[in-house]
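**Q** Can you make the complete structure from the sequences, with help from the hints?
Residues per chain, in single letters:
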Amino acid sequence: MRALNRKLLRDLVRMWPQALAIALVMASGAATLILGVGSHGSLAETRAIYYERNRFADVFADVTRAPNILAEEIAHIPGVAAVETRIAKIALLDIPGMAEPASAMFVSIPHLREQRLNLLHLRSGRLPIAGDEREVVVSEPFALAHKFDIGSSFEAILNGRKRTFRIVGTALSPEFIYALGPWDLMPDDRRFGIVWMSEPALAGAFDLTGAFSSVHVKLLHDASESEVIDRLDQMLTRYGGLGAYGRRDQTSHAFLDAELQQLEAMSRVLPPIFLIVAAFLVNMTLSRLISLEREQIGLLKAIGYGSWAVGVHYMQFVSVIALVGAAIGAVAGTWLGVGLTRLYGDFFHFPFLVFRMDPGVYLIAAGVTVTAAVLGALKAVRDVVGLPPAVAMTPPAPAQYRRLLLPIVYSLLRLPQTFIMAARHLLRWPVRTLSSLLGIAASVAILVGSLWSFGSVDYMIDVTFHRADRQDATINFVRERPESALWNVMNLPGVLRAEPYRSIPVKIRNGNVERRIAVVGKPPGTDLSRVLDRSLRPVRLPETGIALSVALADILKAKVGDLVEVELLERDRRRVDLPVTAIIEGYMGLMAYMDIAEANRLMHEGSMISGAHIAFDSQRQDELFQTLKETPTASFIALQRVSLQKFRDTIAENIFIMVTMYVSLAVVIAFGVVYNFARISLSEQGREIASLRVLGFTRGEVSSILLSELAVVTLLAQPLGWILGYALAALSVWAFESELYRVPLILEPYVYATGSLLVIAAAIVSGLIVRRRIDRLDLIEVLKTRE
Amino acid sequence: MHRNKVVHPMTEITFRTRNLTKTYISGAVEVQALRGVDFEAEAGEFLVILGPSGSGKSTFLNIVGGLDQPTSGEVWFQDHELSRMSERELTLYRRDHVGFVFQFYNLVPSLTARENVALVTDIARKPMQPEEALDLVGLTPRMDHFPAQLSGGEQQRVAIARAIAKRPEVLLCDEPTGALDSKTGILVLEALLKVNIEIGATTLVITHNVAIQEIAHRVIQFADGRIAATHTIAERKPASAIHW
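As they're listed, the protein sequences go chains A and B. According to the working numbering, the first sequence is numbered sequentially starting from 1. According to the working numbering, the second sequence is numbered sequentially starting from 1.
Just so you know, these hints were derived from the structure itself, not from any lab. Backbone N, C-alpha and C define an ideal beta-carbon position, used for all residues, glycine too. Keep in mind that a hint or two might mislead.
If you want the ones that stay clear, here's a sample from chain A, every Cβ over 10 Å from chain B, calculated [stated by the list, open to error]:
{"#": "1", "residue": "81"}
{"#": "2", "residue": "225"}
{"#": "3", "residue": "520"}
{"#": "4", "residue": "568"}
Some chain A residues close to chain B (C-beta under 10 Å, calculated; not the full set) [to be verified]:
{"#": "5", "residue": "399"}
{"#": "6", "residue": "428"}
{"#": "7", "residue": "691"}
{"#": "8", "residue": "779"}
**A** Rendered as structure tokens:
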């Protein structure tokens with residue numbers, strides 16, 4: 001081994017705690033990069049392969065009733081590769097041992113031929129025998145939630161008639177990776193499932209023999225989705241078509257997309273923070289090392305090593321640290337990435353998981369880590385390598401300190417000399433002080449930028465469930481019914497109050513922007529399900545016009561007073577221009593409301609309702625549920641309180657995992673920065689500190705000089721960290737926002753306090769470690785040598 | 001501890017050591033730095049300690065200064081046995097009774113001359129004003145300068161001012177002129193003699209420089225870890241009269 005390489009190794013061994021602290025910060029950067037890119041890649045790949053293998057459709061449309069013969073016509077639309085027609089209907093279930101009503105999407109399996117699209121992935125058992133009216137395959141998560149086995153049975157009301165079904169198999173489908181029940185916020189596998197049965201049997205139950213209620217289309221690679229959608233709409237209108245839509249509007253796909261988008265955002269935001277902090281750390285530490293080795297550098301140059309060789313030596317030093325960091329990051333990132341992918345795999349229902357850890361990602365991670373290190377080292381190395389050997393071999397000029405205030409001010413303030421020492425030392429190295437300050441601020445920012453989410457979700461729940469949708473349950477009818485049906489609902493056992501609603505599927509348009517949504521009509525002055533303005537005050541819906549949620553108004557670029565075009569997807573598919581009368585608050589989905597009478601006028605109908613929001617007496621809950629399960633006119637019942645619990649549990653678990661990770665990462669940064677800062681400060685002032693010990697200062701007194709420097713930097717970093725944390729939170733809100741949900745940016749004071757306390761605790765621990773070194777300072781040794 | 005506690009009926013003894021030894025173990029090698037030193041210093045004495053490198057004089061100074069503990073033997077400061085003191089008691093001993101002056105000054109670069117002295121007067125029990133200490137060493141005009149703005153001799157005089165500002169009973173100087181030219185060194189010695197007289201501190205000066213012995217009351221010669229010779233200077237000279 002060459003002597004210079006041996007020196008490099010020994011330097012690394014000697015400085016291992018500092019080198020490790022830097023390497024860990026770099027590892028965090030590399031790990032978050034690999035984690036983000038890796039799990040995003042794995043999930044995207046898993047989804048792509050699943051879609052490909054099981055032939056997930058590209059375009060979807062629902063109709064009231066269309067003849068099977070139409071399938072052939074659809075197949076002739078230019079760009080269509082394959083067509084699958086089927087029957088898909090939601091129905092209420094009665095499951096033994098479960099008090100509350102559940103519902104399921106009943107989907108037909110083609111008779112006497114293979115499925116063409118959205119192929120079932122059978123997990124156990126077999127498919128139903130063609131034509132059998134009792135045999136069904138159920139979605140695996142639903143079966144697991146109810147501990148159903150092959151042979152288990154349950155009851156359901158199909159088209160007003162109660163039937164008993166026997167499970168012959170369990171399956172997964174690319175169509176229901178994220179199986180969200182209507183009116184639900186999170187998939188609840190207990191209360192919503194998918195049931196597949198033979199087509200003739202399902203057709204018989206719904207009077208749809210020879211007809212279909214849903215069509216899925218696979219496109220050729222070069223096909224235009226919008227053209228196919230237009231052609232389909234033309235064809236399906238007369239059969240009660242509700243408007244065809246692409247994958248973007250398919251619930252399962254859209255939710256998965258939103259999730260992937262968040263992962264991608266994470267892999268873009270976090271790694272740069274770590275790498276910037278790491279570059280600062282390298283700069284700080286290497287500048288000090290090089291100034292200590294100045295005479296050695298002069299000597300190396302004097303005996304014939306070139307500037308380049310000396311420069312490369314130090315660059316190798318930081319590169320080794322960076323590579324160690326990248327290696328730790330690669331292992332941690334892979335481990336976390338596989339864990340996170342599994343977690344997603346469990347949450348979404350994939351039949352398999354593809355772990356796609358692209359070797360390129362590791363190369364990129366190593367590359368950016370080394371680059372950050374080299375950039376951090378560049379200035380320090382350049383400054384000393386440029387010195388002529390004779391100059392380098394003489395000790396550097398003593399540090400020049402300046403007085404910042406007039407002497408009289410010092411005597412008036414009666415500041416302790418140790419405080420003045422700390423303050424002047426900090427100001428003497430402004431770049432280092434600032435980079436440490438920024439590093440600590442970054443860790444506060446990471447905490448503030450992640451801890452806010454708890455409060456934000458609470459706020460979202462409060463607005464959604466305690467201020468807006470305050471009903472206990474929502475009953476959705478199979479089809480629209482006259483307003484008098486509300487009396488039936490009010491007469492159900494235990495129902496205290498009922499409010500009707502009318503839901504109309506429409507396309508809403510402003511200029512070129514168009515979205516498929518459901519406009520909900522409500523009576524004025526409702527008390528259970530309320531519409532709130534941006535200040536969370538209840539809005540009385542005006543007799544004309546439409547109220548848009550903030551998210552929808554943003555997408556449509558519409559403001560109060562603008563006209564938006566509403567195209568009905570039912571009936572005569574009329575297009576009408578409606579004035580926007582209010583912008584309302586809401587975090588879930590894209591929402592639009594209007595007065596129920598106006599909604600019915602729009603439909604050219606009398607007083608019709610789609611369902612009712614109810615409040616019930618919880619004492620009589622079981623009685624109510626039992627009656628509802630027997631109610632043939634209800635297609636499903638959403639239980640908002642149960643949804644809320646499920647929502648809380650799922651969100652809490654997900655946020656907990658993410659926050660745990662962020663907290664660990666922030667602690668790594670805080671510890672790494674403070675430790676390195678303290679070690680450098682100690683190395684510079686070790687001699688002074690030892691002198692003070694000799695003069696009779698106690699260990700506590702001399703430690704306080706160094707620790708007060710740390711305290712000043714740590715405390716000054718807090719406000720900056722709060723500001724950066726707020727920005728990070730705002731960035732996350734922006735990155736996480738999708739058309740499915742919006743997250744409010746709520747930062748309660750406790751978020752700042754918790755972030756600061758955690759970072760201060762990490763700083764104290766690293767301060768105490770350095771304090772132990774002060775306690776062990778060799779007083780005599782320090783005094784004998786000239787620095 | 002009281003300064004006026006009388007140990008001897010006639011003269012007050014500041015330091016007394018009995019059979020002092022110090023052995024350093026570094027790896028497999030044992031180095032006997034002190035091999036049984038018996039020594040006494042009276043209050044107000046000005047002692048010069050001479051001896052080649054490795055003769056044990058610095059080790060001796062460190063032990064009487066409370067910076068190090070002997071391997072065996074006794075060290076007494078007045079009626080306190082330093083060799084039995086805890087780390088914390090030694091710190092308090094240094095804080096209240098000892099002034100140190102080092103070869104390389106060891107000033108805090110971020111504090112001015114006055115502030116360097118104030119560093120000690122802030123924690124001492126009966127200190128003089130920093131200005132008064134600096135005046136004693138003749139640095140009043142330079143007291144608001146940082147160490148980097150002072151010459152070597154000036155820095156050493158700041159170090160002396162810092163050492164005496166607490167009115168110590170003992171002043172321990174390890175090669176105080178070692179880094180200075182002769183002219184500046186003499187200024188420093190003058191300062192030391194002046195404070196020896198004015199505050200009455202027992203002063204021990206370690207040096208390689210034989211010329212300095214002529215300003216002392218007594219000269220101690222170290223060799224090979226022992227005191228090889230002691231002699232009293234019959235006719236002391238002022239610092240200005242010596243040269244090297």
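**Q** Of the hints stated earlier, which fail here?
**A** No numbers; nothing is violated.
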